[in-house]
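Spelled out, the chains give:
2 protein chains.
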Amino acid sequence: MTPATRRQEDGLTMAEQLIGAIEAGGTKFVVALARADGTVLARERIPTETPATCFPALAAFFGQASAAHGPIAAFGVASFGPIDIDPASPGYGTFTTTPKPGWSGARFHDVLGRFGAPIVVDTDVNGAALGEWQAGAGQGCRTLAYTTVGTGVGTGVLRDGKSLMGFSHFESGHIPVPHDRTADPYAGFCPYHHDCLEGLAAGPAIKGRWGQSLSELGSPSDKVELIAGYVAQLAVSLVLLHMPDRLIFGGGVMKTPGLIPALRKATEARLAGYIKAPQLDPGLERYIVGPGLGDDAGITGAIALGRQALG
Amino acid sequence: MTPATRRQEDGLTMAEQLIGAIEAGGTKFVVALARADGTVLARERIPTETPATCFPALAAFFGQASAAHGPIAAFGVASFGPIDIDPASPGYGTFTTTPKPGWSGARFHDVLGRFGAPIVVDTDVNGAALGEWQAGAGQGCRTLAYTTVGTGVGTGVLRDGKSLMGFSHFESGHIPVPHDRTADPYAGFCPYHHDCLEGLAAGPAIKGRWGQSLSELGSPSDKVELIAGYVAQLAVSLVLLHMPDRLIFGGGVMKTPGLIPALRKATEARLAGYIKAPQLDPGLERYIVGPGLGDDAGITGAIALGRQALG
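Protein sequences appear in the order of chains A and B.
Residue numbers for the first sequence follow this note's numbering, beginning at 1433 and rising by one.
Residue numbers for the second sequence follow this note's numbering, beginning at 1433 and rising by one.
Misleading hints may appear alongside valid ones.
Copies of the same chain look alike in the list, so a pair counts if it works inside one copy or between any two.
No more than 30 Å apart at the CA atoms, straight line, and that leaves these computed lysine-lysine pairs for DSSO-like [unchecked claim]:
hint: 1; residue 1: Lys1697; residue 2: Lys1460
hint: 2; residue 1: Lys1532; residue 2: Lys1594
hint: 3; residue 1: Lys1708; residue 2: Lys1532
hint: 4; residue 1: Lys1708; residue 2: Lys1460
Since the hints were derived computationally from the structure, they do not count as laboratory data.
Based on the sequences and whatever the hints tell you, model everything.
The following block contains the structure:
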């Protein structure tokens, strides 16, 4: 039975259909049962731990929520990775080579399949991008890039509300960046590349270099500008290789006071007037922005992913 | 009358329909009348010069070719830029801010509109990517990146045979690259960024630095490796931000003996084993390749662009 026929039989409008939404993060899952119009009916946090503990808790939550509110028409999952997000792949929804114990080979369909509803799985950043596109700072953008700078760095790019991918999801955190070892002797923490963007600018790099977060340090402008300079390399690469209508930067590091303005300045300096477009004027103020949904972008995106499966 | 109805009236199969194809380069245009199956019926070179000389020559060529072979069902144009390639834009097919005298504001529709056939306009690199995808080294790739390193540097990316774009076409030539001024004191020739990728690695940078092309210099391995290292920055960025199934590198500079193998080596070193996918094994030999169509990629792509307009 397709979602459309089920809806007809139940006499529900599309907005009234129920979506099971999962924002799957490295330390916790946020799970929700929501109506397709976005109204959240039930919500819970589940520790990520291992699939052996997490998956039964997921099944229990959705089982109880569905018993209370009705059958689930579709699931939307916005997940940490690396994970197979190609709907045409036999491994769709399966974690691939994550170092997180127990998660390699775990598949969302194994726990959600019992509900008999279609399952849409995408990355956490693609989900956040979708949430911001539908209800936040990315509304009206045909091409939108959402980047998180937190424990790691990642970017999701949408075109007309659909996330882009190649043979896998993007891995923007590992782009090479110029690293002046005199100005910044920190070697970087990436186990593969040492001083790639993530190795120099993610949260662990900041704590590894200075012992505290930028906010705890009082957001000193020289340190904020150093990190902004690294992140600007990604901003410039995103402009030149995707030409998005807007760049949203979220994640814990980006909450540092002054970091977004410093990122605008560093990005503008590197673009050096080469790209002329109304989107970029004036001073990238409307071009490089923080998330409009704050910490709700992920679960909003997961609900939106589920909505994509409704007929 | 749509191409489909015209075809029915003329009793032609789709493969027999006629396509007007234009590969518009900075010094010359290659124009062809071809059947949709790719058979070229007439072909000519026209100097780019200015639209005042070039456009009448285009009209004359297609007028004569059409008189000899039949009505033109669609036009495909693969052009130098910057040019508006957004079919939804009122300026679709119009050159924007090119420094080439006379070309800013020129529009392909102004000269081709008289033939009453649909016109598909894309960039030269997107056209070459499409040609390689249909008949060359990119066959079977869901995501394909075609980069030219010649007078300039540019990249077209296809997903399922459609070129990607944001608010404009991509501008991969201007990505920032680490530049060790001790090892390479050349300042770069880009008027905007000096030592961006194009400023350090395109043909004019090579001649500006060493007085001759790499091939003329006898392809010395240290110089080949220096240029390969810069181009590898783009290869790595394309992998991380597009995850293509294959990277094709064409253009005059890439014909340097030994450059493609050096590019594979430099790219593999920078990726450092982080991306694991069968496409990349072994040693990027099937991943980073030269064009399969040689200098015919552009006009083959233009024909393929025209074919996209056939109903």
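Taking the hints in turn, this is what the structure says about them:
{"no.": "1", "hint": "Lys1697 <-> Lys1460", "verdict": "neither (34 Å within a copy, 40 Å between copies)"}
{"no.": "2", "hint": "Lys1532 <-> Lys1594", "verdict": "within (28 Å within a copy, 36 Å between copies)"}
{"no.": "3", "hint": "Lys1708 <-> Lys1532", "verdict": "between (43 Å within a copy, 17 Å between copies)"}
{"no.": "4", "hint": "Lys1708 <-> Lys1460", "verdict": "between (42 Å within a copy, 27 Å between copies)"}
In the structure shown, a violation is registered for the earlier hint numbered 1 alone.
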